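**Student:** Dock chain V against the given chain Z, drawing on the hints supplied.
Residue numbers (the UniProt record's numbering), protein chains in the order written: chain Z, 1 to 193; chain V, 1 to 198.
Some clues are possibly wrong.
Taking lysine-lysine pairs in the DSSO-like style, the calculated list, with each CA pair at most 30 Å apart, reads [what the hints assert, rightly or not]:
(1) V/K49 <-> Z/K6
(2) V/K38 <-> Z/K49
(3) V/K49 <-> V/K33
If you want the ones that stay clear, here's a sample from chain Z, every Cβ over 10 Å from chain V, calculated [unchecked claim]:
(4) A59
(5) Y71
(6) Q103
(7) L116
(8) G123
If you're looking for bench data, these hints aren't it; they were derived computationally from the structure. For clarity, every value in this text was computed on a predicted model and none was experimentally measured. All residues carry an ideal CB built from backbone N, CA and C; glycine is no exception.
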Amino acid sequence: MDKFEKYIRSHKEAFDSEEPNDLLWEKIAAKLDEKQPAQKQVRLVPITKLWQMAAVFTALIVCMIGLQIYYNSQNKQKTIAKIENAGNISLESIYPELAEAEQFYFMQIEQKRQELKKYNLAGTKTDSETEEYLSELDKAYKDLKKELNTNSNELVISEMVRNLQIRIDLLNQQLEVLKQIEKIKEEQKGKKL
Amino acid sequence: MQVSVNLSTAKMSKVVDITQYQNSNEQIILRCKRGDRKAQYEIYKLYAKAMYNVCLRITGDTLEAEDVLQEAFLIAFEKIETYRNEAAFGAWLKKIVVNAALNQVRKRRFQFADIDSNEDYEDESPHEAIATEEMSYQAEQIRKAIAQLPDGFRIVFSLYLLEGYDHQEIAEILGISVSTSKSQYNRAKKKLQEILKK
Numbered sequence: 001m002d003k004f005e006k007y008i009r010s011h012k013e014a015f016d017s018e019e020p021n022d023l024l025w026e027k028i029a030a031k032l033d034e035k036q037p038a039q040k041q042v043r044l045v046p047i048t049k050l051w052q053m054a055a056v057f058t059a060l061i062v063c064m065i066g067l068q069i070y071y072n073s074q075n076k077q078k079t080i081a082k083i084e085n086a087g088n089i090s091l092e093s094i095y096p097e098l099a100e101a102e103q104f105y106f107m108q109i110e111q112k113r114q115e116l117k118k119y120n121l122a123g124t125k126t127d128s129e130t131e132e133y134l135s136e137l138d139k140a141y142k143d144l145k146k147e148l149n150t151n152s153n154e155l156v157i158s159e160m161v162r163n164l165q166i167r168i169d170l171l172n173q174q175l176e177v178l179k180q181i182e183k184i185k186e187e188q189k190g191k192k193l
Numbered sequence: 001m002q003v004s005v006n007l008s009t010a011k012m013s014k015v016v017d018i019t020q021y022q023n024s025n026e027q028i029i030l031r032c033k034r035g036d037r038k039a040q041y042e043i044y045k046l047y048a049k050a051m052y053n054v055c056l057r058i059t060g061d062t063l064e065a066e067d068v069l070q071e072a073f074l075i076a077f078e079k080i081e082t083y084r085n086e087a088a089f090g091a092w093l094k095k096i097v098v099n100a101a102l103n104q105v106r107k108r109r110f111q112f113a114d115i116d117s118n119e120d121y122e123d124e125s126p127h128e129a130i131a132t133e134e135m136s137y138q139a140e141q142i143r144k145a146i147a148q149l150p151d152g153f154r155i156v157f158s159l160y161l162l163e164g165y166d167h168q169e170i171a172e173i174l175g176i177s178v179s180t181s182k183s184q185y186n187r188a189k190k191k192l193q194e195i196l197k198k
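Chain Z with its partners taken away, still in its complex shape (with noise of 0.2 Å):
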């Protein structure tokens, strides 16, 4: 081995002076992510979501427990030969917050879509999209209540709520194309006046 090899082997760390792209990582993390999307990650949410999502789950849980409370107290004999008489089981007997719930999104939903019918839209592809959207909501929302029957927990309560909101969350939107288009309808006309 002569000097310069000698000289090479003893500086060895002075050829490694380039650094690889800083967005290097972020690809390795995104294929890592691929590959196992099911770990636990620690996403870094803002401070007000963080306070947002605090009150909420805190909001949830004083009504489960509320819920739970009636519950237990309610005679449980006569729930379960209610429970017993299946089918059409009238959610008031056993969670009248639940029906209160109930009773005022269905309010709000019907209340939507007479809104949404002002706009003709009978027979057009929005609307049969719509409905059809609307049903399978409707089917999974009968689905979640006859499972509240034989196993109420909190999962299916939250399940069946946010069913509702869906529901009211996509009449709204339709509501709000709608309204936009209406709006640029009215525009044109304008300028051509």
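**Tutor:** For chain V alone, kept in the frame of chain Z given last:
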């Protein structure tokens, strides 16, 4: 010259450059085995630079080096469960990196410069002994000169002098004879010194 089969353990022992983190690594590696993304990033931060330079020396191209580095880390995180502390983690990782880099270069079907079998590869070039003033070459200049070498020269030279492989091991991983490895090395060294003299 006869190529005898070497045990991979012998190969590992030659490649232990990055051992200083070994102990503090254990916890991080354990977390990596559970798929902890933060721990994986820790490992990446520790080794990315050194491994990137290995990739760069073998592929000779920054884009290819980054692709190889990415691939090697993905392989390493996938295979990390099989890592059993039998060698320093850095050495284990480096083996994966070198393999990935060589696979990349093989796609190019690089050629080793033709060898005249009569060439005196045993010659350790004493008549070309490096003058003292040449010792003042900065490593950076030498690094840049290495980058200018043709694929075959650059790979053999880097593997031998910087990655710590011996000719036996180089012959094995490149699928060439030991004598080819030696002659490539010596010719690479001469070529390198020519470049540096310019």
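**Student:** Going back to the hint list, which numbers does this structure go against?
**Tutor:** Violated: none.
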